[in-house]
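Number of protein chains: 2
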Amino acid sequence: MNPVVVNDYIDQHFSEHLSITQDFVRQPSISGEGIGMLEMAELVAKHIRMLGGVAELIPTAGYPVVFGQIDTGAPRTLLVYGMYDVQPVVGEDWLVPPFGGEIIPFQSFGECIVSRGIMNSKGPMIGTINAIDAICKVEGKLPVNIKFIVEGEEELGSIHLPEAVQKAKQKLAADGVFFPFYSQDLTGKVVMWLGVKGLVFMELVVEGGEWGGPTTRDVHGMNSGWFASPAWVLIQALSSMLDQSQQRILIDGIYDDVRKPNAEDMDLLRKLMDTFDPNTQRKDYDVVRFKYDLDGADLLQAYLFEPSLNIDGIGSGHIQEGMKTILPREARAKIDIRLVPSMRPEDVYQKVRKHLDNRGFDQVQIRPQTGYLWAKGSVHDPINQAMLKAYTSLGFEPEVWPLMAGCVPFYAFTDELGMPFTMGGLGHGGRQHSPNEYATVEGIRLFEKSVVNFIHNFKEAEK
Amino acid sequence: MNPVVVNDYIDQHFSEHLSITQDFVRQPSISGEGIGMLEMAELVAKHIRMLGGVAELIPTAGYPVVFGQIDTGAPRTLLVYGMYDVQPVVGEDWLVPPFGGEIIPFQSFGECIVSRGIMNSKGPMIGTINAIDAICKVEGKLPVNIKFIVEGEEELGSIHLPEAVQKAKQKLAADGVFFPFYSQDLTGKVVMWLGVKGLVFMELVVEGGEWGGPTTRDVHGMNSGWFASPAWVLIQALSSMLDQSQQRILIDGIYDDVRKPNAEDMDLLRKLMDTFDPNTQRKDYDVVRFKYDLDGADLLQAYLFEPSLNIDGIGSGHIQEGMKTILPREARAKIDIRLVPSMRPEDVYQKVRKHLDNRGFDQVQIRPQTGYLWAKGSVHDPINQAMLKAYTSLGFEPEVWPLMAGCVPFYAFTDELGMPFTMGGLGHGGRQHSPNEYATVEGIRLFEKSVVNFIHNFKEAEK
Numbered sequence: 001m002n003p004v005v006v007n008d009y010i011d012q013h014f015s016e017h018l019s020i021t022q023d024f025v026r027q028p029s030i031s032g033e034g035i036g037m038l039e040m041a042e043l044v045a046k047h048i049r050m051l052g053g054v055a056e057l058i059p060t061a062g063y064p065v066v067f068g069q070i071d072t073g074a075p076r077t078l079l080v081y082g083m084y085d086v087q088p089v090v091g092e093d094w095l096v097p098p099f100g101g102e103i104i105p106f107q108s109f110g111e112c113i114v115s116r117g118i119m120n121s122k123g124p125m126i127g128t129i130n131a132i133d134a135i136c137k138v139e140g141k142l143p144v145n146i147k148f149i150v151e152g153e154e155e156l157g158s159i160h161l162p163e164a165v166q167k168a169k170q171k172l173a174a175d176g177v178f179f180p181f182y183s184q185d186l187t188g189k190v191v192m193w194l195g196v197k198g199l200v201f202m203e204l205v206v207e208g209g210e211w212g213g214p215t216t217r218d219v220h221g222m223n224s225g226w227f228a229s230p231a232w233v234l235i236q237a238l239s240s241m242l243d244q245s246q247q248r249i250l251i252d253g254i255y256d257d258v259r260k261p262n263a264e265d266m267d268l269l270r271k272l273m274d275t276f277d278p279n280t281q282r283k284d285y286d287v288v289r290f291k292y293d294l295d296g297a298d299l300l301q302a303y304l305f306e307p308s309l310n311i312d313g314i315g316s317g318h319i320q321e322g323m324k325t326i327l328p329r330e331a332r333a334k335i336d337i338r339l340v341p342s343m344r345p346e347d348v349y350q351k352v353r354k355h356l357d358n359r360g361f362d363q364v365q366i367r368p369q370t371g372y373l374w375a376k377g378s379v380h381d382p383i384n385q386a387m388l389k390a391y392t393s394l395g396f397e398p399e400v401w402p403l404m405a406g407c408v409p410f411y412a413f414t415d416e417l418g419m420p421f422t423m424g425g426l427g428h429g430g431r432q433h434s435p436n437e438y439a440t441v442e443g444i445r446l447f448e449k450s451v452v453n454f455i456h457n458f459k460e461a462e463k
Numbered sequence: 464m465n466p467v468v469v470n471d472y473i474d475q476h477f478s479e480h481l482s483i484t485q486d487f488v489r490q491p492s493i494s495g496e497g498i499g500m501l502e503m504a505e506l507v508a509k510h511i512r513m514l515g516g517v518a519e520l521i522p523t524a525g526y527p528v529v530f531g532q533i534d535t536g537a538p539r540t541l542l543v544y545g546m547y548d549v550q551p552v553v554g555e556d557w558l559v560p561p562f563g564g565e566i567i568p569f570q571s572f573g574e575c576i577v578s579r580g581i582m583n584s585k586g587p588m589i590g591t592i593n594a595i596d597a598i599c600k601v602e603g604k605l606p607v608n609i610k611f612i613v614e615g616e617e618e619l620g621s622i623h624l625p626e627a628v629q630k631a632k633q634k635l636a637a638d639g640v641f642f643p644f645y646s647q648d649l650t651g652k653v654v655m656w657l658g659v660k661g662l663v664f665m666e667l668v669v670e671g672g673e674w675g676g677p678t679t680r681d682v683h684g685m686n687s688g689w690f691a692s693p694a695w696v697l698i699q700a701l702s703s704m705l706d707q708s709q710q711r712i713l714i715d716g717i718y719d720d721v722r723k724p725n726a727e728d729m730d731l732l733r734k735l736m737d738t739f740d741p742n743t744q745r746k747d748y749d750v751v752r753f754k755y756d757l758d759g760a761d762l763l764q765a766y767l768f769e770p771s772l773n774i775d776g777i778g779s780g781h782i783q784e785g786m787k788t789i790l791p792r793e794a795r796a797k798i799d800i801r802l803v804p805s806m807r808p809e810d811v812y813q814k815v816r817k818h819l820d821n822r823g824f825d826q827v828q829i830r831p832q833t834g835y836l837w838a839k840g841s842v843h844d845p846i847n848q849a850m851l852k853a854y855t856s857l858g859f860e861p862e863v864w865p866l867m868a869g870c871v872p873f874y875a876f877t878d879e880l881g882m883p884f885t886m887g888g889l890g891h892g893g894r895q896h897s898p899n900e901y902a903t904v905e906g907i908r909l910f911e912k913s914v915v916n917f918i919h920n921f922k923e924a925e926k
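Respectively, the protein sequence lines represent chains A and B.
1 is the number of the first residue of the first sequence in the working numbering; add one for each residue after it.
464 is the number of the first residue of the second sequence in the working numbering; add one for each residue after it.
Everything labelled a hint here was simulated from the structure, so no lab data went into it.
Treat the hints with care, since some could be wrong.
Claimed, not checked - Here are some chain B residues pointing at chain A (derived, C-beta under 8 Å): (1) Pro551; (2) Glu673; (3) Thr679; (4) Asp681; (5) Phe690; (6) Gly780; (7) His781.
As the list claims (entries may be wrong) - Pairwise CB distance ranges (calculated): (8) A:Leu95 / B:Leu558: 40 to 46 Å; (9) B:Thr679 / A:Arg270: 28 to 34 Å; (10) A:Arg248 / B:Leu558: 45 to 51 Å; (11) B:Asp756 / A:Val258: 39 to 45 Å; (12) A:Gly360 / B:Arg807: 31 to 37 Å; (13) A:Arg248 / B:Arg807: 36 to 42 Å; (14) B:Met736 / A:Arg289: 54 to 60 Å; (15) B:Gly554 / A:Gly253: 36 to 42 Å; (16) B:Gly497 / A:Ser245: 38 to 44 Å; (17) A:Gln107 / B:Asp556: 43 to 49 Å; (18) B:Thr679 / A:Gly253: 35 to 41 Å; (19) A:His380 / B:Gln707: 48 to 54 Å.
Predicted model, so just to flag it, every value in this text is computed and none were measured.
We put the CB at the ideal spot given by N, CA and C, even for glycine.
Work out the full structure, taking the sequences as your base and the hints as a guide.
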């Protein structure tokens with residue numbers, strides 16, 4: 001029962017673990033394009049079975065959820081939540097094949113696996129499996145029971161996860177949920193997030209119709225002299241939803257349910273100022289300045305506790321090379337709104353609809369793609385304390401954030417099952433949703449060790 | 464010297480003329496994509512030589528201009544202006560191969576050639592050649608000298624035409640310019656236009672930079688919480704340029720040089736009301752309503768004598784199937800402004816730049832693609848009278864429009880060479896710049912006959 005021994009085992013078997021990790025990201029699994037999904041689900045199940053567990057694919061109306069279980073008769077049970085799908089790579093320019101799992105020296109990070117999914121989130125998933133395997137090999141038996149729920153639609157907005165969780169409520173019973181994630185930033189600093197934002201993702205579509213505009217085809221551009229344009233309607237509808245500084249969403253009533261940070265949140269924000277450097281973030285993303293003229297805790301508060309309205313894509317007409325003077329019959333935009341406590345997706349959809357209707361944009365169709373809640377715990381939750389101790393025992397003092405800007409559907413567990421959650425693990429990676437997604441080889445090693453320690457700590461943690 | 468005899472000849476040889484027309488549109492010549500351009504220029508030159516003329520390709524910095532000449536020693540000379548390039552067909556859904564030159568029954572129009580370029584403007588070009596050939600065959604000699612200038616960049620905005628015209632000023636000396644064009648509408652009515660609008664076509668580009676936004680790559684959508692978005696800048700910049708009704712351009716000072724219609728224009732607009740039916744236009748384009756709440760002459764006046772601001776295309780980020788939550792590093796739009804008397808392209812570019820700068824949109828880059836002037840004649844110009852007589856002698860009473868909404872760079876002749884121009888010919892076609900561009904077989908026959916008559920009338924017309 002000594003994590004140090006297990007961690008020595010990891011060092012001794014690391015080249016083997018690394019090779020397993022490379023193989024794991026080599027299997028494409030692009031949910032947005034339906035590529036390799038079933039193969040990947042089966043691969044996850046295979047790995048759970050190789051740990052001595054049972055595993056099954058639970059069908060949903062979309063991609064199946066992988067459920068797994070290693071029952072050791074221990075008093076406490078940890079539920080590992082993960083995802084087996086990744087983002088598309090179309091139109092992206094990579095240094096290496098995006099599904100090659102190649103190890104190359106990358107930028108200033110030394111040896112890295114550069115591959116789609118290594119950061120988000122197949123690397124941490126297979127790292128968790130390797131850590132569990134190491135515990136089993138060294139100690140013969142796991143200190144806690146482990147369950148797995150691994151979905152294939154995270155990148156689509158976890159469409160069927162809540163339903164699958166509801167249906168499998170009994171099966172999933174556990175003392176807490178763990179989402180494996182590389183939590184070290186560019187400088188090696190460990191970051192711990194106590195919560196995640198919610199997400200509303202929709203497509204806005206304007207087509208020619210009764211209101212005007214060409215209804216069946218793009219027409220010659222000279223007709224802009226007397227026909228209305230769907231593209232102009234979309235642009236003006238969008239424009240009405242955000243102020244020019246991009247700091248304030250103008251959708252009527254959107255801030256009604258935005259809650260101010262509580263005392264613990266404010267305390268954490270202030271403490272963050274000792275170690276948080278905005279410049280690291282800007283550098284990480286190649287951005288010269290923030291959209292807010294704010295500093296320190298105020299910047300963080302705006303970033304974390306205010307909703308944002310983003311354009312993921314917009315398209316209409318002829319945008320390729322060459323001049324084509326047309327009045328396009330259709331225009332589409334994909335937008336997302338990131339929800340903070342205590343905004344609710346269904347309210348947001350209604351507010352967008354009402355905002356558009358009130359301004360004469362009733363010809364703008366809303367095609368909802370997904371919508372889910374934020375989730376948020378406390379630094380005092382025992383499961384978070386187990387993760388914090390895992391970090392400190394390996395010599396790392398984490399920065400604790402009350403919320404992260406990213407969206408993960410933990411609400412399916414927190415809201416539906418009333419379960420506490422933690423996300424984390426050591427390791428560093430980046431460029432998720434971008435070309436040359438990467439994770440450092442040394443970080444992958446540290447990740448496995450931190451998960452070993454976390455699992456041991458979780459055994460002792462009170463519910 | 465009897466056009467009726469020539470027209471009988473056309474009837475006797477029409478199947479042969481039709482087959483020549485089909486072959487002419489089968490040669491792809493997409494200037495926007497650089498496909499088949501030189502082959503098409505050579506084909507035009509070959510046809511001019513087959514008429515007994517001389518022809519040469521005059522190089523420009525872009526695609527060559529075809530110059531041709533049939534000198535019969537006649538006192539008067541007609542310059543035929545044409546284009547040998549066509550619009551792209553990418554992403555379009557056609558009933559037949561777009562460069563197949565196929566004859567099929569199309570919609571309610573009976574037998575048609577359905578092919579890219581048949582309407583705009585290879586059909587009228589080869590029809591003119593067939594008409595000239597018929598005169599030569601029947602009469603042995605043309606009643607006027609004919610010159611040709613056929614450019615390959617009309618669909619790119621006639622980039623190098625003005626320069627080529629300037630350089631070939633001596634060569635092009637003539638008593639008038641003729642642009643062959645099918646001028647019958649859906650109902651068979653003949654329409655004559657005395658002028659054309661000018662065009663400014665530009666790309667607006669916003670990239671992340673010093674002002675904010677991601678500079679090197681698309682980043683994860685969660686960063687919309689603190690990074691600015693190029694797509695939002697573009698949308699808000701565009702939105703500031705047009706009012707929500709799409710009836711009024713908001714670019715500062717854009718209407719300063721817009722001239723009111725003169726007495727002849729107003730007279731023609733009023734006369735148009737006897738025969739002009741807006742519903743035919745709407746039906747032709749599958750549009751339910753106009754953008755103006757205007758009727759009759761007022762609607763026409765707005766359509767013809769006001770500038771329009773059109774979005775030809777807009778693109779940013781991920782707009783394909785599937786959810787990809789990204790903050791894109793770049794956004795682009797292609798827009799055109801149609802110029803009416805007496806707006807000038809260089810002023811318009813300056814006004815757009817100033818408008819954007821005045822509103823804090825200095826990060827919006829303007830990439831000019833083209834800009835050219837409007838051109839406008841009078842119904843009393845002898846060359847227009849020659850065309851009008853060609854119509855009436857074949858039993859058609861044309862509707863005369865002071866201006867058309869389309870853009871043709873006649874200014875290169877009217878402004879640079881001080882030459883009068885006419886555009887026309889019988890015949891019906893449609894869907895230019897759209898899939899299933901077509902022209903009726905019977906219209907092609909009528910076109911040739913009308914050109915024969917026009918050429919004979921032009922001999923008599925005073926300069």
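Hint check results:
Below 8 Å, beta-carbon pairs count as interface contacts, and B:Pro551 has one with chain A at about 6 Å; its hint therefore holds. The beta carbon of B:Glu673 comes within 5 Å of a beta carbon in chain A, closer than 8 Å, and the hint placing it at the interface holds. For B:Thr679, the interface hint holds, since its Cβ comes within 8 Å of a Cβ in chain A; the closest pair sits about 4 Å apart. A hinted interface residue such as B:Asp681 counts as satisfied when its beta carbon comes closer than 8 Å to some beta carbon of chain A; here the least separation is about 6 Å, so the hint holds.
The beta carbon of B:Phe690 comes within 5 Å of a beta carbon in chain A, closer than 8 Å, and the hint placing it at the interface holds. The interface hint given for B:Gly780 holds, since its Cβ lies 3 Å from the closest Cβ of chain A, which is under the 8 Å cut-off. Below 8 Å, beta-carbon pairs count as interface contacts, and B:His781 has one with chain A at about 4 Å; its hint therefore holds. Restraint check, A:Leu95 to B:Leu558: a C-beta distance of roughly 45 Å satisfies the suggested window 40 to 46 Å.
One distance hint, 28 to 34 Å for the beta-carbon pair B:Thr679 and A:Arg270, holds here, with the actual separation near 33 Å. Taking 45 to 51 Å as the suggested C-beta distance range, the pair A:Arg248 and B:Leu558 conforms, at roughly 50 Å. For B:Asp756 paired with A:Val258, a C-beta distance near 40 Å keeps the hint of 39 to 45 Å intact. Taking 31 to 37 Å as the suggested C-beta distance range, the pair A:Gly360 and B:Arg807 conforms, at roughly 34 Å.
Evaluation of the 36 to 42 Å hint for A:Arg248 and B:Arg807 yields a pass: the beta carbon distance comes to about 39 Å. Checked against the hint of 54 to 60 Å, the C-beta distance between B:Met736 and A:Arg289 comes to roughly 58 Å, which is consistent with it. At about 39 Å, the beta-carbon gap between B:Gly554 and A:Gly253 stays in the expected band of 36 to 42 Å. B:Gly497 and A:Ser245 have their C-beta atoms about 43 Å apart, which keeps the hinted 38 to 44 Å range intact.
For the pair A:Gln107 and B:Asp556, the beta carbons lie near 45 Å from each other, so the given range of 43 to 49 Å is met. Between B:Thr679 and A:Gly253 the Cβ separation comes to about 37 Å, which falls inside the hinted range of 35 to 41 Å. In this structure, A:His380 and B:Gln707 meet the distance hint of 48 to 54 Å, their C-beta atoms being roughly 52 Å apart.
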